[in-house]
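Enquirer: Could you put together the complete structure from these sequences and hints?
These protein sequence lines are chains A and B, in that order. The first sequence begins at 1 in this note's numbering and counts up by one. The second sequence begins at 262 in this note's numbering and counts up by one.
No lab work stands behind these hints, which were simulated from the structure alone. Please note that the accuracy of each hint is not assured.
[As the list claims (entries may be wrong)] For the chain A half of the interface with chain B, some residues (derived, Cβ under 7 Å), not all of them:
#	residue
1	50
2	54
3	67
4	70
5	71
6	79
7	81
8	84
9	89
10	107
For every residue, glycine included, the Cβ atom is placed at its ideal position computed from N, Cα and C.
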Amino acid sequence: MIHIENISAGYLNRTVLKKISCNIGSKDFFGIIGKNGAGKSTLLKVLCKLIKPYLGNIFIDNKNINFFAKKDFAKTISFLPQYVDTSLPFTVYEFIMFGRYPYMNIFKIPSDSDCNIVKKVMDFLHIMDFAERKINALSGGEKQRVLIAQVLAQETDIIVFDEPTSHLDIGSQNKLLEILRDLNEKYNKTVILTLHDLNAAGEFCNKLVLMENGEICNCGTPEEVLNYKDIERVYDTTVVVKTNPISDKPYVIPVSRIKER
Amino acid sequence: MVNKKCAYILMLVLVVAAFLFSLISGTVDISCIDAVKALLGNSVDETKTSIIRHVRFPHSIMACITGAGLAVSGCVFQGILKNPLADPFTLGVSSGAVFGVAIAFISGLATVTSFFVTVCAFLGSLLSTLIVYLLSMYKRFGSNSMVLSGVITSYMFSAAVMLIFALSPATNIQSAFAWLIGTLSIFDERMVLFVAIIVILGSVVLSLSGNIINAVSLGGEKSRTLGINIEGSIKFLFLTASLITAATVSVCGIIGFVGLITPHIMRKIVGTNNVILIPVSAFAGAFFLLTCDTLARTLFKPMVIPVGVITNIIGGSFFVFLLLKRENSIA
Numbered sequence: 001m002i003h004i005e006n007i008s009a010g011y012l013n014r015t016v017l018k019k020i021s022c023n024i025g026s027k028d029f030f031g032i033i034g035k036n037g038a039g040k041s042t043l044l045k046v047l048c049k050l051i052k053p054y055l056g057n058i059f060i061d062n063k064n065i066n067f068f069a070k071k072d073f074a075k076t077i078s079f080l081p082q083y084v085d086t087s088l089p090f091t092v093y094e095f096i097m098f099g100r101y102p103y104m105n106i107f108k109i110p111s112d113s114d115c116n117i118v119k120k121v122m123d124f125l126h127i128m129d130f131a132e133r134k135i136n137a138l139s140g141g142e143k144q145r146v147l148i149a150q151v152l153a154q155e156t157d158i159i160v161f162d163e164p165t166s167h168l169d170i171g172s173q174n175k176l177l178e179i180l181r182d183l184n185e186k187y188n189k190t191v192i193l194t195l196h197d198l199n200a201a202g203e204f205c206n207k208l209v210l211m212e213n214g215e216i217c218n219c220g221t222p223e224e225v226l227n228y229k230d231i232e233r234v235y236d237t238t239v240v241v242k243t244n245p246i247s248d249k250p251y252v253i254p255v256s257r258i259k260e261r
Numbered sequence: 262m263v264n265k266k267c268a269y270i271l272m273l274v275l276v277v278a279a280f281l282f283s284l285i286s287g288t289v290d291i292s293c294i295d296a297v298k299a300l301l302g303n304s305v306d307e308t309k310t311s312i313i314r315h316v317r318f319p320h321s322i323m324a325c326i327t328g329a330g331l332a333v334s335g336c337v338f339q340g341i342l343k344n345p346l347a348d349p350f351t352l353g354v355s356s357g358a359v360f361g362v363a364i365a366f367i368s369g370l371a372t373v374t375s376f377f378v379t380v381c382a383f384l385g386s387l388l389s390t391l392i393v394y395l396l397s398m399y400k401r402f403g404s405n406s407m408v409l410s411g412v413i414t415s416y417m418f419s420a421a422v423m424l425i426f427a428l429s430p431a432t433n434i435q436s437a438f439a440w441l442i443g444t445l446s447i448f449d450e451r452m453v454l455f456v457a458i459i460v461i462l463g464s465v466v467l468s469l470s471g472n473i474i475n476a477v478s479l480g481g482e483k484s485r486t487l488g489i490n491i492e493g494s495i496k497f498l499f500l501t502a503s504l505i506t507a508a509t510v511s512v513c514g515i516i517g518f519v520g521l522i523t524p525h526i527m528r529k530i531v532g533t534n535n536v537i538l539i540p541v542s543a544f545a546g547a548f549f550l551l552t553c554d555t556l557a558r559t560l561f562k563p564m565v566i567p568v569g570v571i572t573n574i575i576g577g578s579f580f581v582f583l584l585l586k587r588e589n590s591i592a
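Expert: This is how it looks when you write it as structure tokens:
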């Protein structure tokens, strides 16, 4: 259970998050949506201790995150940022092994158990075939799976993703979100992610937060959050919200303003 | 990718071969058997024994250590700066050493013994390292700010050196010039042990830190969420690699390209993983400098040219080759 309490944070003199509070349950597939610059990524960075908040606290299972040692925190929460440098030609296997660093000794020498876990993760994500390929020679979808494998190798209960589906085609996007849903439902991981695709957010997340100008303007189930009034106001556009007849989840269709006239 | 054990064995064999070849090459021809006998203390011609024991052996050992040290520190700087074109001198260590040498020559300390040149160069290197460290600290050791701090420090020291040389007699400049282009011929024998201890200890520690350098190369946000103290790791790696560079530069001068091309070539052969790359680069650096030194001593026999000339010619040609190869592949 994550309890975010009254968090204000930002960069230099610019306040991005303004007194944000919310709770994330341990079984949640928690989506954060909102316009560009609303503070979604900043919230994730505060949660992952990459940015220190000006005010407020975050508790994981009633323990303040400030009191976690670096290694212990890395064994509790893993994060996949929007940008990870994959320009150096590490092999896929070597790259995933980085995820085991919190469990290694001072010189980071992998044990047999580290190697086994990496192999298990690669097997789970069906990427065993390209274990020896170079990370910088993979396609966007393949690379994203390797990055997720690295996060999984970290074996944390909470997994945080910052826009994991950006730059992916619709098929790769769906496959990736299905993997994350499996992790949430079958392996009891708490998944927290930011998304720009409202339909994917409505389809896969069980809890959503809609952010606007560094504040939470709505929080709840996809049916509660994806209502046309809030979406139109936050995104400053006209939309139609319908229910997917197959999954019974809400989906959002933007409507051209020219036609509206 | 080449098997790890094969790479180590192959490189070790190459270094031993280059070492033996370096012992028998020079103005006086000495056979391989005589050289080994002289080293083992078996009686050979006294002159030959003396040449091998007091001239060529320390000389070749120094080439080995310097080559390995420069390659290891080059490899580490390329890793922490995330820049394959970084070398041991990118962060201004050499500029401080040059400043120290300039001070040694104008103060007259250099004329007393070459030992003082080494001491001044070493202190100068440490001073420039300290300045880069303090400047980088303000930007929390980001790679760009470290490179910028290195460039700033280099220019400041270069200005001071130019001023010193402009005001000194021509004889001083000529003596300092030999040191500037890098040479293995003018070091003080007592310094071999000093450099060997720093380079060997530093290289072992840095080789064991290969995985930390790998993590640093992932980028700040990702590395920090893996529970790694990035800033602390960069400080430690930077200071250790700078100390190795300072030790080698203060004894042998600025020998260019060793720390740049050996990690570069080895990366293509053994891959990017610094756990393997650093020790293999150390062997490659030793082999490269031994070979260049042998060439420097034998190409224009009996004249010995500074080894820096050879390394710069080979290094420059290598990059021309890389550039042309890349142009062709784009075409």
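Enquirer: For each hint, tell me whether it holds in the structure or not.
Expert: Hints, verified against the model:
{"no.": "1", "hint": "50", "in the structure": "holds, 6 Å"}
{"no.": "2", "hint": "54", "in the structure": "violated, 19 Å"}
{"no.": "3", "hint": "67", "in the structure": "violated, 15 Å"}
{"no.": "4", "hint": "70", "in the structure": "holds, 5 Å"}
{"no.": "5", "hint": "71", "in the structure": "holds, 4 Å"}
{"no.": "6", "hint": "79", "in the structure": "holds, 4 Å"}
{"no.": "7", "hint": "81", "in the structure": "holds, 4 Å"}
{"no.": "8", "hint": "84", "in the structure": "holds, 5 Å"}
{"no.": "9", "hint": "89", "in the structure": "holds, 5 Å"}
{"no.": "10", "hint": "107", "in the structure": "holds, 5 Å"}
Checked against the numbered hints above, the structure violates hints 2, 3; every other hint is satisfied.
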